[in-house]
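Asker: Starting from the given sequences, assemble the full structure and let the hints guide the process.
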Amino acid sequence: MKFSNCYKLLCSVSLIVLLGSCSTIQKVSNSTKAAISNLKFPKSNSVVNNVSDDKDAIQFLDNLSVTPGKVFIKKSSIGIASEPLNVAGNDYEVMPSNLSEVEKANWLQLKYSIKMDVAVESIGNIPLLKKIDEWYGTPYNYGGSTKNGVDCSYFTLDVMQGAYNINLKRTAAEQYEQTSRINWEDLKEGDLIFFKTEGPNKISHVGIYLSNNKFVHASVRNGVTISDLSEPYYQRTLYSMGRLPNLAK
Numbered sequence: 008m009k010f011s012n013c014y015k016l017l018c019s020v021s022l023i024v025l026l027g028s029c030s031t032i033q034k035v036s037n038s039t040k041a042a043i044s045n046l047k048f049p050k051s052n053s054v055v056n057n058v059s060d061d062k063d064a065i066q067f068l069d070n071l072s073v074t075p076g077k078v079f080i081k082k083s084s085i086g087i088a089s090e091p092l093n094v095a096g097n098d099y100e101v102m103p104s105n106l107s108e109v110e111k112a113n114w115l116q117l118k119y120s121i122k123m124d125v126a127v128e129s130i131g132n133i134p135l136l137k138k139i140d141e142w143y144g145t146p147y148n149y150g151g152s153t154k155n156g157v158d159c160s161y162f163t164l165d166v167m168q169g170a171y172n173i174n175l176k177r178t179a180a181e182q183y184e185q186t187s188r189i190n191w192e193d194l195k196e197g198d199l200i201f202f203k204t205e206g207p208n209k210i211s212h213v214g215i216y217l218s219n220n221k222f223v224h225a226s227v228r229n230g231v232t233i234s235d236l237s238e239p240y241y242q243r244t245l246y247s248m249g250r251l252p253n254l255a256k
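Read in order, the letters of the sequence shown correspond to residues 8 to 256 in this note's numbering.
What the hints contain is simulated information worked out from the structure, not anything from laboratory work. It is possible that part of the hints are untrue.
Beta-carbon label-pair distances, calculated as ranges [stated by the list, open to error]:
(1) Asp235 / Gly131: 32 to 42 Å
(2) Pro207 / Ser104: 21 to 31 Å
(3) Pro207 / Gln185: 16 to 26 Å
(4) Asp165 / Ser187: 13 to 23 Å
(5) Gly150 / Gln185: 12 to 22 Å
(6) Ala112 / Gly206: 38 to 48 Å
(7) Lys137 / Gln185: 21 to 31 Å
(8) Gly206 / Pro103: 39 to 49 Å
(9) Ala112 / Asn172: 14 to 24 Å
(10) Pro134 / Asn220: 17 to 27 Å
(11) Ser247 / Arg177: 17 to 27 Å
(12) Arg177 / Arg228: 28 to 38 Å
Derived lysine-lysine pairs resembling DSS-like cross-links, with alpha carbons at most 30 Å apart [what the hints assert, rightly or not]:
(13) Lys154 / Lys203
(14) Lys221 / Lys209
(15) Lys195 / Lys209
(16) Lys209 / Lys118
(17) Lys221 / Lys154
Predicted, not measured: the structure shown is a model, and the values here were computed from it. For glycine and all other residues, C-beta sits at the position ideal for the given N, C-alpha and C.
Answerer: Shown next, in the form of C-alpha cells:
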C-alpha cells in the first residue's frame, strides 16, 4: 500500500510538472507566433527598398537584420535570411563593351549631356568625349600621367592632343602662356580655364571648358570630373580664360 501511495504521489507530481511545462511551452509558442505575425515579409525574391522609418535595421529572431538593397532567401534555422545583391554602384557609368561605334557615340552623348545638363543633340564632339571618358574618375596625383593617377596639366595635355591634335606644354603656367586671353562671354568648347588655387602669385590649376558653365579637369578631391564654374570655390580662384591658336576660328 505504501508503494502504491508513493507511486500515485510521484505520478501526480510528474503530471503537475508536465502540465506546467506544457503551459510554458504553449506560452513560448504563442509569444513566438505573435512576434512572427507582427513581421511583414516581402514576397519571395523581392528587393527591399524601404525597410523601416527608423534609422536602425529591422531586427528579426537571433539578431538577423535586413537592410535596404538585400533579397530574402531561406535559412534552415528560422526560415528567413538576407543576401546582398550583386549590383555595382557605378556600373551605369561604364560603357558596355558590345556596342557598335554609333551606339558608343550615342552612349557618350547621353552620359555627358546628363553631366553637363544640356540637350543630347547639342553635344557633337565625339573625339573629345572619348578622351574625357578614357580618364573620367581617374584619381588625382601631383605629377601623375597614368590611369593610376594624373594631375590637371597632364590631363589637359593628353585630351587636347587626342581631341584637337594640339600639343601643350607640361605645366598649367606654361599652358597659360600658350593661349590668348578671352572674355567670359566668349568661352567656347575647348578653351582652357586657369585658376590660382595656391595663392595670388601662381597659376596652379587648369581645366577644359565644355559648355553651360561646365568644365572638365583633374580635381584634387574628386579626380577627373566635370565641375561648374558658378561654384563659389571656382569663382573665387578663377584667374583667366585662354584660347589656343588652332581653336581661334
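Asker: Work down the list of hints and note, for each, if the structure agrees.
Answerer: Status of each hint after checking the structure:
no. : hint                        : in the structure
1   : Asp235 / Gly131: 32 to 42 Å : violated (21 Å)
2   : Pro207 / Ser104: 21 to 31 Å : violated (47 Å)
3   : Pro207 / Gln185: 16 to 26 Å : holds (22 Å)
4   : Asp165 / Ser187: 13 to 23 Å : holds (22 Å)
5   : Gly150 / Gln185: 12 to 22 Å : holds (20 Å)
6   : Ala112 / Gly206: 38 to 48 Å : holds (42 Å)
7   : Lys137 / Gln185: 21 to 31 Å : holds (23 Å)
8   : Gly206 / Pro103: 39 to 49 Å : holds (45 Å)
9   : Ala112 / Asn172: 14 to 24 Å : holds (19 Å)
10  : Pro134 / Asn220: 17 to 27 Å : holds (22 Å)
11  : Ser247 / Arg177: 17 to 27 Å : holds (19 Å)
12  : Arg177 / Arg228: 28 to 38 Å : violated (22 Å)
13  : Lys154 / Lys203             : holds (25 Å)
14  : Lys221 / Lys209             : holds (23 Å)
15  : Lys195 / Lys209             : holds (25 Å)
16  : Lys209 / Lys118             : violated (34 Å)
17  : Lys221 / Lys154             : holds (23 Å)
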